[in-house]
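*Asks:* As a plain string of letters, each chain reads:
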Amino acid sequence: MSARVLVGVKRVIDYAVKIRVRPDHTGVVTDGVKHSMNPFCEIAVEEAVRLKEKKLVKEIVAVSCGPQQVQETIRTALAMGADRGIHVEVSGKDYDALGPLQVSKIMAALAKKEEADLIILGKQAIDDDCNQTGQMTAALLDWPQGTFASELTLEGGMLKVVREIDGGLETIKIKMPAVVTADLRLNTPRYATLPNIMKAKKKKIANVKPADLGVDVTSRLEVLKVDEPPQRQAGVKVETVEDLVVKLKEAGRI
Amino acid sequence: MANPLRAEVVQLYKTLLFLGREYPKGADYFRDRLRAAFAKNKDVRDPEKIKELISRGEFVVKELEALYYLRKYRALKKRYYETE
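Chains Z and R supply the protein sequences, listed in that same order. Reminder that position 155 of the first sequence reads as 1368 in my numbering, one-by-one numbering, no gaps. Reminder that position 12 of the second sequence reads as 68 in my numbering, one-by-one numbering, no gaps.
Simulated from the structure, these hints should not be mistaken for laboratory data. Computed from a prediction, not measured in an experiment: that's the story for all the values here. You may find that some hints are simply not true.
Here are the simulated lysine to aspartate or glutamate pairs, DMTMM-like style, with alpha carbons at most 20 Å apart [as the list claims (entries may be wrong)]: (1) R:K128 x Z:D1342; (2) R:K133 x Z:D1227; (3) R:K70 x R:E121; (4) Z:K1388 x Z:D1355; (5) Z:K1247 x R:E78; (6) Z:K1412 x R:E64; (7) R:K128 x Z:D1355; (8) Z:K1231 x Z:D1342; (9) R:K134 x Z:E1272; (10) R:K70 x R:D88.
Work the whole structure out from these sequences, hints included.
*Replies:* And the structure:
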């Protein structure tokens, strides 16, 4: 099979880090904070690598949008088994305002340019929790989508996707080319070992600008304020039902 | 020094050091214990024994990878999925 897979990976604050809001409430503290690949993106890369190991796809291209530092994330994807990387350079204010709409436009343009047959993305990023990029990319390309995938199989020229939805599991069959977004139970991502990281240094990462792809990254959204969630109040214990009624009346609840 | 095995031991040490960076109790905690563990066995000369220690080290590598994976999986499951 000569299929080419495009995998989007996002550099986010590491999942184990305690997030702090900036004093000026314009965002969260990112300077000096540990960053790593979005966990759902790791699952997406792993799925692409497994497809390649089964010889169902020929080439995996890892894509990331952002400043210089996202190259680390692309290198991790290369160490996990991707063949080459594409770094879409977006920095400064453009990067702060970069959201699913802009990324999906970039992914769509790249998919056409690289003649990709399959795009695998993480279902959402753990920093913005948008859960939109995959869906928007599919819409822009007019490709079918298999989102929240917990199982992916290739049957002929069709993709069988088992989706994890609220009611349980839904199995769909979609034609390629398609967009798939990875859910938690799709697979267990491999650890990028030291020898693989060394080998990945030889793989190429191409540099592109959004303008080269004809994409305008201006955002139509403006972040007004970022706040911490309200502190949980301690609960109050009461002795009798009468006390409970009194307390509820005091609080104006009844 | 058992020459061919020396390279394997050094690579095992480097792999463990690399993995230890993400250790929940801290990279320093891990590194101190790693050095102590390797220093304790530095006078072993028998190739069989060395191979056994290397495979023990590789077992620890697998344990660490499993630990990291489970931590991440459980954290994400708790954050994103309704607990029944």
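*Asks:* Each hint: holds or not?
*Replies:* Hints, one by one, checked against the model:
About 17 Å separates the Cα atoms of R:K128 and Z:D1342, which keeps this hinted pair within 20 Å; it holds. Between R:K133 and Z:D1227 the CA atoms are separated by roughly 16 Å; this keeps the pair inside 20 Å, and the hint holds. Of the pairs offered as hints, the one joining R:K70 and R:E121 holds, with about 15 Å between alpha carbons and a cut-off of 20 Å not exceeded. With a CA separation close to 12 Å, the supplied pair Z:K1388 and Z:D1355 stays within the 20 Å bound.
At roughly 11 Å between alpha-carbon atoms, Z:K1247 and R:E78 fall within 20 Å of each other, so this suggested pair holds. A hinted pair counts as satisfied when its Cα atoms are at most 20 Å apart, and Z:K1412 with R:E64 qualifies at roughly 18 Å. Of the pairs offered as hints, the one joining R:K128 and Z:D1355 is violated, with about 34 Å between alpha carbons and a cut-off of 20 Å exceeded. Pair hint Z:K1231 plus Z:D1342 holds up; C-alpha atoms about 16 Å apart against a cutoff of 20 Å.
A hinted pair counts as satisfied when its Cα atoms are at most 20 Å apart, and R:K134 with Z:E1272 does not qualify at roughly 34 Å. With a CA separation close to 14 Å, the supplied pair R:K70 and R:D88 stays within the 20 Å bound.
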